[in-house]
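Novice: Chains as they are written, first to last, in this note's numbering: chain A, 1 to 374; chain B, 1 to 383.
Calculated from the structure, these hints are not laboratory results. There could be a bad hint or two in this list.
[As the list claims (entries may be wrong)] To give an idea of the interface, some chain B residues facing chain A are shown, with a C-beta separation under 10 Å as derived from the structure: (1) Asp133; (2) Trp156; (3) Ala330; (4) Ile338.
Just so you know, even glycine gets a beta-carbon here, dropped at the ideal spot from N, CA and C.
Each chain, written out:
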Amino acid sequence: MTQTDILSSEQEDLRLLRESVRTLFERAGGSDRARQLRDAGGGFDPEMVRELAEAGVFGVAVPEDQGGLGMGLAAGGVIAEEVGRVIAPEPVVSTIGLSLGLLRRLCPDHPKMAQLIGGEISLAVAWQERGPDGAPADATCRYADGKLTGGKAWVVGAIGSHGFLVVAEQDDGPVLVLAEADAQGLVIDKRTQADGSSLGELSFSGTPAAELASSGAVLTALAEAVADATALAAAELVGLSERAFEITLDYIKTREQFDKPIGSFQVIQHRAVDLNVMCEVAQAGVREALAQMDSETDPKVRAPIASRAKARAVTAAKKITRDAIQLHGAVGYTDEFDIGLYLNRALVLSAWLGDDAYHRRIWFEAREAEGAAQ
Amino acid sequence: MTDWNAMTDAEFRKEVRQFFEAEYPEELRHLPHRPKFAEIEHWHRKLHAKGWVAPAWPAEFGGMGLNAAKLLIFYEEQQRWGVNRGRDMGVQMVGPLIIKFGTQEQKDYWLPRILSCEDIWCQGYSEPGAGSDLANLRTRAEIDGDDFVINGQKIWTTMAHDATHIFMLVRTDPDAPKKQQGISFLLAPMDQPGVEVRTITTLSGETEFCEVFFDNARTSRENLVGELNKGWTMAKALLSFERIFIGSPSLAQNALGQLESFARGRGAFDDPVFRDRFAQAALDVEDHAALYARFADQLKRGETLGADVSMLKIWVTECFQRITELMIEAAGPDGGSIGPLQVGNVSVDVLASFYKARPTTIYGGSNEIQRNILSKAVLGLPG
Ligand SMILES: Cc1cc2nc3c(=O)[nH]c(=O)nc-3n(C[C@H](O)[C@H](O)[C@H](O)COP(=O)(O)OP(=O)(O)OC[C@H]3O[C@@H](n4cnc5c(N)ncnc54)[C@H](O)[C@@H]3O)c2cc1C
């Protein structure tokens with residue numbers, strides 16, 4: 001095969017993957033399903049998780065010899081975009097990026113790997129901690145004698161998960177442990193988010209947990225997994241933005257005021273064009289970033305690429321969903337119209353793993369450090 | 001009766017501040033939602049007893065008779081202390097209209113009831129097909145003996161589910177040559193079989209606005225304000241007043257105060273980029289207040305405001321939105337969480353502020369419509 005043949009056959013793979021995931025979500029009810037799950041209390045659907053697993057979704061970026069599809073982050077991005085389009089609440093990005101991202105790097109033979117890939121369980125990853133001023137702070141959560149003490153904050157997917165992958169400190173350095181969801185001395189404080197999902201604030205008091213990995217490798221793997229999840233969250237925002245834009249475009253074509261469609265007013269037309277350009281730029285940037293992350297192994301290079309993706313995707317999603325509300329007028333401010341669901345999901349995904357301002361800073365700092373090293 | 005306008009600005013500010021700080025219930029400060037009347041009734045009673053329900057109305061009708069400068073101070077202090085505006089559509093919208101266009105009987109009957117909140121009003125202008133194009137409204141009112149009979153539908157009626165009366169624009173002459181003609185201004189009671197209210201849930205899960213259906217609802221012919229078929233001109237006459245109110249710095253100032261304490265508590269000011277963006281927002285608010293004062297002075301001199309007043313609304317609502325977006329940024333990983341966020345001894349409901357800021361560019365004449373007005377009426381652009 002020539003280079004172009006390989007490229008186009010890869011793209012063919014991704015196209016097929018996109019189609020199968022899109023069909024799966026559409027058959028299950030598209031964005032209506034997200035609304036129903038939110039109204040039912042903000043969880044996700046375990047049956048959907050199993051169906052996604054059958055389509056190979058969770059193992060997409062896990063190497064083939066570890067039981068995955070070995071298609072890389074670019075394929076993960078395709079899936080994430082589709083998740084974003086229908087604002088599906090299942091923990092897809094957090095599983096591909098965080099929980100499997102950690103396990104495949106630290107303990108690829110652990111039986112939980114296969115269960116995660118098979119959609120039998122989900123595991124939430126807990127690593128950040130809240131300081132006294134409410135902002136993120138240095139980690140103090142301890143692991144000793146098989147037990148955890150301390151707390152973790154902003155844990156995505158805490159409700160409904162089968163257990164927690166907790167990054168903690170022990171005497172000789174960092175450690176990754178697994179605490180079961182019903183473990184003794186584990187208290188989960190639930191904080192509801194704009195899209196109805198919740199974040200968990202965990203507190204451990206002598207909570208039993210099993211050690212999975214230790215030493216400096218834990219923090220390296222964590223940084224890598226967080227970078228993966230960050231870039232995938234960017235792809236999810238791209239899909240979300242595209243769909244929000246399509247909904248809005250349909251609306252301005254049909255809503256009439258002053259005896260014509262509001263989309264016939266030039267100011268609305270220019271606005272729509274700007275949003276479309278914003279969307280395309282974000283899609284191109286994020287897809288390129290994911291492909292680059294697949295061909296790059298140096299974590300110091302991969303991290304700022306992920307930041308580039310998230311910064312762009314958050315900026316675009318914020319602008320697009322907020323303008324979408326404006327272009328809808330009062331109906332955009334109702335719960336009945338779907339566009340509000342997209343705004344709310346964008347708020348949540350933007351805040352998760354750092355917003356655009358945060359990632360621009362990280363990107364710039366990495367660039368400066370690289371310049372200094374040369 | 002105190003002549004507030006005779007006081008120095010500083011004296012007046014002190015007086016207002018003291019009253020709010022001493023009397024306003026702590027649990028109602030910076031309410032993140034629009035309260036039902038019952039929730040703020042005890043506060044309204046105090047305000048009523050003090051004679052401070054209608055700061056802008058002339059004293060002869062039970063208002064404070066404040067001039068524009070004093071009014072500005074009053075609103076500033078209200079916002080500073082997080083004093084809820086209460087159910088003020090009667091005071092802000094229908095009252096001034098009755099004062100300007102109503103008969104003596106209408107003034108004598110309705111105005112005291114507005115002040116006491118015996119009647120609580122909602123605004124029935126918009127319809128499904130009549131938003132920006134308000135003159136497209138279809139709700140009909142036909143004369144039948146001593147009554148008008150009303151049929152049709154209003155929508156986006158804020159707090160209609162907690163109102164006793166609705167002031168509305170209705171079509172009384174469907175055959176008029178222009179849409180803007182044949183519209184009248186009516187007052188109607190809500191508590192009757194022909195009126196049905198359905199709440200609409202907002203994207204943040206609140207029920208603040210409603211649909212109101214009229215099926216042979218009735219209101220007395222005495223409840224027509226101004227001349228029959230002249231409602232449009234009257235409603236327009238009120239608009240410039242409404243626009244200076246809606247363009248006042250208060251919402252943005254209040255949000256800025258919340259942003260400052262929240263950002264400081266969260267350590268966001270350690271970041272020079274954030275500091276710059278905060279400074280930008282703060283200066284946007286300050287300079288807007290300077291422009292606002294210019295319009296307020298015009299009112300103070302007894303002049304009527306021109307179309308250029310629209311610029312106040314455009315500037316302040318967009319500034320308000322940016323401020324709430326900065327709050328979200330300062331919240332970091334909490335930026336998607338609903339409910340109050342604690343920092344030190346203050347708690348700030350970041351998303352509630354964000355949601356509150358979104359529709360300010362939609363209602364009261366959307367910002368696109370305001371820009372259309374400015375480009376034509378002020379800049380004289382063709383089209
Ligand atoms: C929170 C909230 C509270 C409200 N409370 C009340 C109330 O109490 N009583 C009441 O009567 N109404 C109320 N409204 C309704 C409000 O007045 C209308 O939403 C407003 O007039 C806009 O109409 P619309 O929503 O139908 O949007 P549309 O008119 O359909 O506009 C949709 C979009 O098109 C744009 N657009 C329309 N025409 C043009 C044009 N010619 N040029 C360029 N752009 C254009 C608009 O700016 C907007 O972005 C409320 C609305 C909200 C959101």
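Novice: Evaluate each hint against the coordinates.
Specialist: How the hints compare with the structure:
1. Asp133: Hint holds; Asp133 (chain B) Cβ to chain A Cβ min 4 Å, cut 10 Å.
2. Trp156: holds, 5 Å
3. Ala330: With a closest approach of 9 Å, the Ala330 (chain B) hint holds.
4. Ile338: holds, 5 Å
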